[in-house]
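Kindly generate the complete structure, drawing on both the sequences and the hints.
Top to bottom, those sequences are chains Z and P. Note that the first sequence covers residues 18 to 200 in the working numbering. Note that the second sequence covers residues 6 to 127 in the working numbering.
Any given hint could turn out to be false.
Said to hold, decoys possible - Computed list of lysine to aspartate or glutamate pairs in DMTMM-like fashion (alpha-carbon distance at most 20 Å, straight line):
1. Z/Lys-190 / P/Glu-126
2. Z/Lys-172 / P/Glu-11
3. P/Lys-7 / Z/Glu-166
4. P/Lys-17 / Z/Asp-48
5. P/Lys-10 / Z/Glu-195
6. P/Lys-102 / P/Glu-126
7. P/Lys-60 / Z/Asp-163
8. P/Lys-10 / Z/Asp-163
9. P/Lys-7 / Z/Asp-21
10. P/Lys-17 / Z/Glu-166
11. P/Lys-60 / P/Glu-101
12. Z/Lys-72 / P/Glu-11
13. P/Lys-7 / Z/Glu-195
14. P/Lys-17 / Z/Asp-173
As the list claims (entries may be wrong) - Chain Z is nowhere near these chain P residues, computed Cβ spacing over 10 Å in every case:
15. Arg-48
16. Gln-70
17. Arg-78
18. Leu-79
19. Glu-109
20. Val-112
21. Gly-123
22. Ala-124
For the record, the hints were derived by calculation from the structure and aren't laboratory data. Cβ coordinates follow ideal geometry from the N, Cα and C atoms, glycine included.
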Amino acid sequence: MLQDLSLHILDLVQNSLAAQASLVQISIIEDSEKNLLVLSIKDNGRGMEASLAAKAADPFVTSRKTRRVGLGLAFLKASAEACDGHFMLLSKKGKGTEVTASFALNHIDRPPLGEMEDTLASLIACNPSIDFVYEHSTSYGKFQLDTREIRAIIKDVPINDVDIIQWIHNYIKEGLDEINGGA
Amino acid sequence: MKSIKELEEIRKRALESVNLRKDSKGTRVVVGMGTCGIAAGARPVLLAFLEEAQKRNLKDIVITQTGCIGVCRLEPMVEVYMPGEEKVTYVKMTPEKVKRIVAEHIVNGHVVTEYTIGAVEK
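The following block contains the structure:
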């Protein structure tokens, strides 16, 4: 199993990359009033036929040729459902896919969020041609990162320049500290 | 709070340091990021490579990812491609091993044989 939600997200975005997405939108909402954590990953990749989408979270269904098991979606679904939450996968052939998982925020088995700054820095460093949007809201506020905005500033410097990646990493970490009530 | 404006400064510095990796003929480090790799700890390994590259100011290096490399029980796995050399596959990687691989292999050109798949799979 994957230890925290940030690792689930890192894993699920691999599906978006395999589906040749050029834009991946990651959203996390922590709503303490409704006792709900909702995470979603939406891409503009090639999408799936309805028949495949319906069973994509089955561990014995995969589109890859090397092996006959695929655990990423199955892990997330099991995790959400163990925490009084839901799992949903919407996909449209040629349009993209959106995976949503919800969890009871205070459920004892809910995986911790983990290090989203590590997940995003890894994804951006390894996939400089893909755009990522990350939105995260809590009762303290909202954090947003859009690689298209970063590109507009850095222009001809590649986004996977190590100094830029380090900046992105720290920017996310500080931003998340702020919306978690920390300093 | 950090501001996105700071990127202007980083951009200027990056442009001054020239040698932007346009068509880099340098080293390529590929980290396996399948579900197996991620579960086994590929992310801290990848971040350790990024950190070492920044610390040592290595500009001629590309750090990237691939899916499952196919030997899940040896994850996290890393492939290092250096110009004019055969690919070297390192297995059961940790951030500590990354430091040694960067120092000995990537900077000084000596493969860290004991961490390679050949040494582990005897």
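Checked hints:
{"no.": "1", "hint": "Z/Lys-190 / P/Glu-126", "result": "violated (39 Å)"}
{"no.": "2", "hint": "Z/Lys-172 / P/Glu-11", "result": "holds (14 Å)"}
{"no.": "3", "hint": "P/Lys-7 / Z/Glu-166", "result": "holds (15 Å)"}
{"no.": "4", "hint": "P/Lys-17 / Z/Asp-48", "result": "violated (40 Å)"}
{"no.": "5", "hint": "P/Lys-10 / Z/Glu-195", "result": "holds (18 Å)"}
{"no.": "6", "hint": "P/Lys-102 / P/Glu-126", "result": "holds (17 Å)"}
{"no.": "7", "hint": "P/Lys-60 / Z/Asp-163", "result": "violated (26 Å)"}
{"no.": "8", "hint": "P/Lys-10 / Z/Asp-163", "result": "holds (14 Å)"}
{"no.": "9", "hint": "P/Lys-7 / Z/Asp-21", "result": "violated (26 Å)"}
{"no.": "10", "hint": "P/Lys-17 / Z/Glu-166", "result": "holds (17 Å)"}
{"no.": "11", "hint": "P/Lys-60 / P/Glu-101", "result": "holds (15 Å)"}
{"no.": "12", "hint": "Z/Lys-72 / P/Glu-11", "result": "violated (45 Å)"}
{"no.": "13", "hint": "P/Lys-7 / Z/Glu-195", "result": "holds (11 Å)"}
{"no.": "14", "hint": "P/Lys-17 / Z/Asp-173", "result": "holds (10 Å)"}
{"no.": "15", "hint": "Arg-48", "result": "violated (6 Å)"}
{"no.": "16", "hint": "Gln-70", "result": "violated (4 Å)"}
{"no.": "17", "hint": "Arg-78", "result": "holds (13 Å)"}
{"no.": "18", "hint": "Leu-79", "result": "holds (15 Å)"}
{"no.": "19", "hint": "Glu-109", "result": "holds (20 Å)"}
{"no.": "20", "hint": "Val-112", "result": "holds (15 Å)"}
{"no.": "21", "hint": "Gly-123", "result": "holds (22 Å)"}
{"no.": "22", "hint": "Ala-124", "result": "holds (25 Å)"}
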